[in-house]
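Peer 1: Kindly produce the complete structure, drawing on both the sequences and the hints.
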Amino acid sequence: MIWFASALAFWAGAWALNVRLSRSRWARTWAVRIAVPALFGITLLVVWEGLVRGLAVPGVILPPPSAIGARFAGSLPILWGDFVQTFVKGALSGYVIGCGASVATAIAIDRSPFLQRGLLPVGNFIAALPIIGTAPILVMWFGFDWQSKAAVVVAMVFFPVLVNTVQGLAASEAMQRDLMKTYSASYVQTLMKLRLPAAMPFIFNGLKIATTLALIGAIVAEFFGSPIKGMGFRISTEVGRLALDMVWAEIAVAALAGTAFYGLVAGAERAVTFWHPSQRG
Amino acid sequence: MRSLLPVLAVVMAIVTLWYGAAVMMNSRWTLDQAARAERTLSLTEIVTDTMTQDRPKMPAPHQVATELWKTTGEKVLQGRAFSKRSLIYHAWITLSATLLGFAIGTGLGVLLAIGIVHNRAMDMSVMPWAIASQTIPILAIAPMIIVVLNSVGVTGLVPKAIISAYLSFFPVVVGMVKGLRSPDAMQLDLLSTYSASRAQAFWKLRLPSSMPYLFTSLKVGMAASLVGAIVGELPTGAVRGLGARLLAGSYYGQTVQIWSALFAAAILAALLVGVIGLVQRVTLRAMGMNR
Numbered sequence: 001m002i003w004f005a006s007a008l009a010f011w012a013g014a015w016a017l018n019v020r021l022s023r024s025r026w027a028r029t030w031a032v033r034i035a036v037p038a039l040f041g042i043t044l045l046v047v048w049e050g051l052v053r054g055l056a057v058p059g060v061i062l063p064p065p066s067a068i069g070a071r072f073a074g075s076l077p078i079l080w081g082d083f084v085q086t087f088v089k090g091a092l093s094g095y096v097i098g099c100g101a102s103v104a105t106a107i108a109i110d111r112s113p114f115l116q117r118g119l120l121p122v123g124n125f126i127a128a129l130p131i132i133g134t135a136p137i138l139v140m141w142f143g144f145d146w147q148s149k150a151a152v153v154v155a156m157v158f159f160p161v162l163v164n165t166v167q168g169l170a171a172s173e174a175m176q177r178d179l180m181k182t183y184s185a186s187y188v189q190t191l192m193k194l195r196l197p198a199a200m201p202f203i204f205n206g207l208k209i210a211t212t213l214a215l216i217g218a219i220v221a222e223f224f225g226s227p228i229k230g231m232g233f234r235i236s237t238e239v240g241r242l243a244l245d246m247v248w249a250e251i252a253v254a255a256l257a258g259t260a261f262y263g264l265v266a267g268a269e270r271a272v273t274f275w276h277p278s279q280r281g
Numbered sequence: 282m283r284s285l286l287p288v289l290a291v292v293m294a295i296v297t298l299w300y301g302a303a304v305m306m307n308s309r310w311t312l313d314q315a316a317r318a319e320r321t322l323s324l325t326e327i328v329t330d331t332m333t334q335d336r337p338k339m340p341a342p343h344q345v346a347t348e349l350w351k352t353t354g355e356k357v358l359q360g361r362a363f364s365k366r367s368l369i370y371h372a373w374i375t376l377s378a379t380l381l382g383f384a385i386g387t388g389l390g391v392l393l394a395i396g397i398v399h400n401r402a403m404d405m406s407v408m409p410w411a412i413a414s415q416t417i418p419i420l421a422i423a424p425m426i427i428v429v430l431n432s433v434g435v436t437g438l439v440p441k442a443i444i445s446a447y448l449s450f451f452p453v454v455v456g457m458v459k460g461l462r463s464p465d466a467m468q469l470d471l472l473s474t475y476s477a478s479r480a481q482a483f484w485k486l487r488l489p490s491s492m493p494y495l496f497t498s499l500k501v502g503m504a505a506s507l508v509g510a511i512v513g514e515l516p517t518g519a520v521r522g523l524g525a526r527l528l529a530g531s532y533y534g535q536t537v538q539i540w541s542a543l544f545a546a547a548i549l550a551a552l553l554v555g556v557i558g559l560v561q562r563v564t565l566r567a568m569g570m571n572r
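These protein sequence lines are chains A and B, in that order. Those letters in the first sequence? Residues 1 to 281, per the numbering used here, in order. Those letters in the second sequence? Residues 282 to 572, per the numbering used here, in order.
Since the hints were derived computationally from the structure, they do not count as laboratory data. No experiment lies behind these values; they were computed from the predicted model shown. Hints are not guaranteed to be accurate.
[What the hints assert, rightly or not] Listed below are the simulated DSS-like cross-link pairs for lysine-lysine, each with C-alpha atoms no more than 25 Å apart in a straight line: (1) K193(A) with K89(A); (2) K208(A) with K485(B); (3) K351(B) with K365(B); (4) K485(B) with K459(B); (5) K193(A) with K208(A); (6) K459(B) with K208(A).
[Stated by the list, open to error] From the derived model, a few chain B residues whose C-beta atoms are all more than 10 Å from chain A: (7) T325; (8) M425; (9) I539; (10) T564.
Beta carbons are placed, not taken as given, at the ideal position from N, Cα and C, and that holds for glycine.
Peer 2: The structure is reproduced here in structure tokens:
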């Protein structure tokens with residue numbers, strides 16, 4: 001009961017503090033902008049811990065955050081092995097191949113307006129489909145190891161990036177293209193100096209969407225078969241053994257990896273498209 | 282209509298590539314069988330065999346189409362549209378979970394977005410997490426939700442719907458917050474010169490101007506819901522639903538079954554997103570926001 005009450009008390013206190021902070025005159029400062037969401041996150045963890053302990057929820061249903069943290073710290077080698085297998089080998093290699101192939105395809109079809117008009121609707125359509133369903137097929141084709149996961153990731157990221165790149169390559173204005181023509185710039189020069197840079201905000205939009213898709217693809221593909229390591233494999237087997245603290249630790253790894261990956265791409269975007277209005281101010 | 286011809290051309294190219302891939306990938310098996318029987322095959326024999334294998338590595342398009350027809354249209358003609366062998370039945374199982382989850386997720390998402398727009402503390406504490414959550418592979422928790430709810434005694438539709446709801450929740454929150462904030466300061470000022478209350482400003486200005494954003498995020502959320510429902514059917518070895526068909530097909534090497542389930546899922550996704558697009562067009566036209 002004491003756990004329950006103190007969790008509620010903490011929640012009320014933190015909420016009051018947040019309300020006060022967000023109404024204070026420092027509300028626009030950098031520190032408060034970080035402190036408020038951080039406090040909210042901590043509150044969630046505390047309430048979770050308090051509720052689980054206070055209501056004596058069994059660990060096979062919902063382990064408290066402290067147990068998850070302990071398991072996380074205690075099984076770092078396993079988690080690292082899974083991370084390398086799923087993220088570095090599966091998701092990252094698939095991401096690079098898929099995004100590379102799709103940008104190359106977009107540039108290749110860019111010279112033909114006919115193909116562009118045809119590919120955009122089809123690509124948009126395919127990007128909305130549950131491509132994750134190809135996972136069992138690709139696992140069957142490429143075997144259980146990371147190659148099949150990379151293939152699933154390639155299939156998942158290809159069309160979102162393609163659609164965005166095709167749109168981006170059309171983004172430069174007629175006036176700008178005419179200017180390049182008056183400089184008698186060749187196709188390659190126009191592409192490298194004008195159209196690719198102008199397309200970058202769009203391409204990065206696709207690349208950012210693709211980061212999450214890549215990780216989801218790699219994890220879900222492991223549900224269909226995997227060597228005895230990998231984040232998806234660990235999640236599905238530990239769920240079967242009802243070792244939920246390990247599952248949550250694995251989810252924490254996935255969340256950290258996903259956020260870091262996204263942050264990295266967003267950082268690259270900031271560096272490449274520093275001139276774009278959305279990056280200023 | 283201008284793009285009809287190019288789209289057809291691209292689709293034709295895809296089908297052609299598919300047939301080519303089917304011949305390439307299945308010919309190994311054909312040649313092995315022939316070598317074992319110590320026969321040599323002519324090219325036409327090889328090609329016809331690759332099109333008609335029972336468990337091809339890559340089923341040809343017409344095989345998938347036949348299987349789709351056998352498990353949908355033919356069952357309807359036989360009057361057994363909801364038998365267990367019918368894809369309509371499995372699609373319905375998945376669809377019901379998708380729609381329930383989508384309704385829950387969208388409802389909660391819109392409510393949270395309204396809270397975020399009207400309460401500054403909520404905005405500052407929840408919004409960064411809502412955005413960050415889009416970078417997290419949420420789908421990874423699907424097996425856990427299924428198994429945990431299973432151990433509490435909740436089975437069937439609800440666990441899948443929860444996953445669907447969870448997946449469609451965050452896109453709707455982010456989109457709706459953007460939409461509810463889309464009226465500019467001038468319009469809000471006008472309403473305050475009319476001394477409109479916050480509720481009035483919400484119903485008469487914020488909600489109407491958020492509609493385009495709402496529909497965009499509904500489309501994203503619907504696609505995510507369907508993926509959630511399908512993945513939700515994987516972990517417990519469910520026997521019903523499109524995800525279960527995928528899993529069973531991959532266990533038994535029934536490639537044609539996998540592909541037909543995949544296409545059924547794709548058709549379902551296209552229909553659902555198409556319906557939202559239709560509602561969007563009608564609504565926006567009625568509101569005079571047609572672009």
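Peer 1: Next, verify each hint and record whether it holds.
Peer 2: Results of checking the hints against the structure:
no.: 1; hint: K193(A) with K89(A); verdict: 34 Å, violated
no.: 2; hint: K208(A) with K485(B); verdict: 35 Å, violated
no.: 3; hint: K351(B) with K365(B); verdict: 13 Å, holds
no.: 4; hint: K485(B) with K459(B); verdict: 17 Å, holds
no.: 5; hint: K193(A) with K208(A); verdict: 23 Å, holds
no.: 6; hint: K459(B) with K208(A); verdict: 19 Å, holds
no.: 7; hint: T325; verdict: 26 Å, holds
no.: 8; hint: M425; verdict: 5 Å, violated
no.: 9; hint: I539; verdict: 6 Å, violated
no.: 10; hint: T564; verdict: 20 Å, holds
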